[in-house]
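Generate the whole structure from the sequences, applying the supplied hints.
If you use UniProt numbering, the sequence shown corresponds to residues 1 to 187, in order.
The hints are simulated quantities; they were obtained by calculation from the structure and are not laboratory data. Given the structure is predicted, the values throughout are model-derived calculations rather than measurements. If a hint is listed, it holds; no wrong ones were tucked in.
With a straight-line cut-off of 30 Å between C-alpha atoms, the simulated BS3-like cross-links for lysine-lysine are:
(1) K144 with K63
(2) K105 with K82
(3) K82 with K100
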Amino acid sequence: MGLQNFLARWSTQTHTFIISFREISYSLEDVATQFHLPLFGDENVQSLTASPEEKLMNTALIKSLKASNVGSARATFSSWIKYHFGSAVDEKKCLLDFEKGKGFKPKLNLAAFIAFWLSRYVFPCLLVDGVNRSLFMLAIKISKGDRFYLAPLFVGSLYKRLDLYKRSMEAFLGHNYVLCFVDTAAL
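Written as structure tokens, this is what we have:
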């Protein structure tokens, strides 16, 4: 209940939390410190151009997205990780001996993990448990060593989700029917 009350103090006009003695906000410096996301980068996220090798990697990730969604309409985070990285041989005994996943490819695994990380922790979608296909090329570029300014993008994503939460709270008159996702680790 305390977090819900805190989130109710979000101002969509100023992008701050209004508390009794001042306004506070989540800044770029906070993101850089807490999540170690880069403030600056060499590349522009909006103008990604792919080499032939990167296009092949993107196609392979799209195919693995379809292959990892066994039994469901969408590949969940757990099925994505299991497909690419495998799982413990004996999960009941918690052995640390892992089998490789069906989609285990050394050249692709770093990009697959970064796509998971971006989808789950940096740019989470609304109530979706799954890897975001639109982040594949960014993940491939990061896995190749390109630097992007992720902190400003994360702050923008966080503000957008907080705005959505506040509008949903107002639309449902404070009842618990709010259907939006805010990463509470950032708060």
